[in-house]
Amino acid sequence: MPNRPRDAVNGPDMPEVGVPTQRDNDDRIWTGEPISGEQAADIVSAVMVRRGSGLGGSLREVVGRLEGFLRRHSGPLSDVGAIALALMDVLLVSPKDAELYSHILSGVACLALVLRRRYPFLVLLATVPGYLAGWSQLAGMIALYTLAKKRTWNWQTMAGAVLMMLCAFVAWPLTKFFSLGWQEQVLNLLWAVILTGMPLALGLLVTTRKELVNKLTELAITRERKQHLQAQAIRAEERTRLAREMHDVVSHQVTLIAMQAGALKMTVTDAESREIANTIRRLSTKTLEELRQLVGVLRTSADDDDGHPDLTDLRRLVSDCGLAVTLNVDGDLEDIPRPVSAAAYRTVQEALTNVGKHAPSAAVSVLVQVGEDELEVRVRNGRPRGQRTPALPSGGHGLVGLTERAELLGGSCHAEPSRDGGFVVTSHFPLALPGVPAPQAPQHA
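Counting from 1 along the sequence shown, just add 206 to a position and that's the residue number in our numbering.
There's no promise every hint is true.
Listed below are the simulated DSSO-like cross-link pairs for lysine-lysine, each with C-alpha atoms no more than 30 Å apart in a straight line [to be verified]:
{"hint": "1", "residue 1": "382", "residue 2": "356"}
{"hint": "2", "residue 1": "302", "residue 2": "356"}
{"hint": "3", "residue 1": "416", "residue 2": "356"}
{"hint": "4", "residue 1": "432", "residue 2": "421"}
{"hint": "5", "residue 1": "471", "residue 2": "492"}
Simulated from the structure, these hints should not be mistaken for laboratory data.
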């Protein structure tokens, strides 16, 4: 074919077709060089994508809104769809010369599906007459599926499965059923088992899958919580180790310095040396108090950002421990210094843990009394009722840790058997800590 002039293709007012070149970012010019078929296809695709980008965005927005609507109204829409399918099944299967009552029973069975989510067993019972004497086979199968999905494998599901199987097996009218041969009866029985087993198995499968997803979600949450608790335990162990080193080594050395300074003050005769010894003793005592405060903070893991519990969380601890506990609180728990409140909470927690291990059937009383300058915590349990529960394994460090915790805060902790055959743990904590303001007594007008 002879080549035609370029103007015959482009026209007098059309730009010349050529290869696009980039200039000034998005500005394009067209050269007069001829282009290949692949390059022309790329140009057309780019133009179509650019022109269709607005349409694509609108389409995605419409699809997103449609998905949200379907998600919000999935229940009613599925009910409408089930009723429509059941009615269509009746219209397609029922013969023209069928009795009027069979159409009425079939219609009732189909319309009853609107209540299948709220009353699944009653809806299944409502579909039985239409299934047996009518043509609402699909309505009965949908009702059985809903019942198996809602109730899993209980007596209602088993009864519903038996009813559906009988409806599928027995032919209506009964005179026709009894006139069938044994081969037809066996075929009807196999067909009834299939029609009953399909919706039943599908409903149980959906329920089992949902339960499995919930279990996997709980397992993932539990695993994440366990990892978080392990990390907290590692941090607490490091803080405890550091506090123990400071308490056993540094505090001991500072105490020796204070004692030596006091002895030097009593032995020297000139005033200047006595003043120096007095200054050393005073600074050593102050350093020891500040060190005790720091060690107490480390031992109690006083990290307010992590939300560690204190006495304000005591009622929840008592209600969740699983023991018969009587709690008595005398005083305001809000004004207690944070280290003291956390240590007192740990005391009650450890004591209740020991009761749960060694005497879970015993009655327990917890007393928290806030005085003017001291906090008293007492946990007492009586003699275990009934047969004694075997003691669970214990490391034996809980009460020792409580004693150390109380001593680091300037208090005390004692644990001893009671006269009635039980056990009592008593802790005393000072409310005035170095560097921590003491609670203010309420002022009356």
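Given the hinted pair residue 432 and residue 421, is their Cα-Cα distance within 30 Å?
With Cα atoms ~16 Å apart, residue 432 and residue 421 stay inside 30 Å; holds.
Given hint residue 356 paired with residue 302 - CA-CA distance at most 30 Å:
violated (36 Å)
Compare the distance between the alpha carbons of residue 416 and residue 356 with 30 Å, and conclude whether the hinted pair is satisfied.
holds (11 Å)
Would the hint linking residue 471 and residue 492 be met if the CA-CA limit is 30 Å?
holds (17 Å)
Does residue 356 sit within 30 Å of residue 382, going by the straight-line distance between their CA atoms?
violated (36 Å)
When the structure is compared with the earlier hints, violations turn up for hints 1, 2 and for no others.
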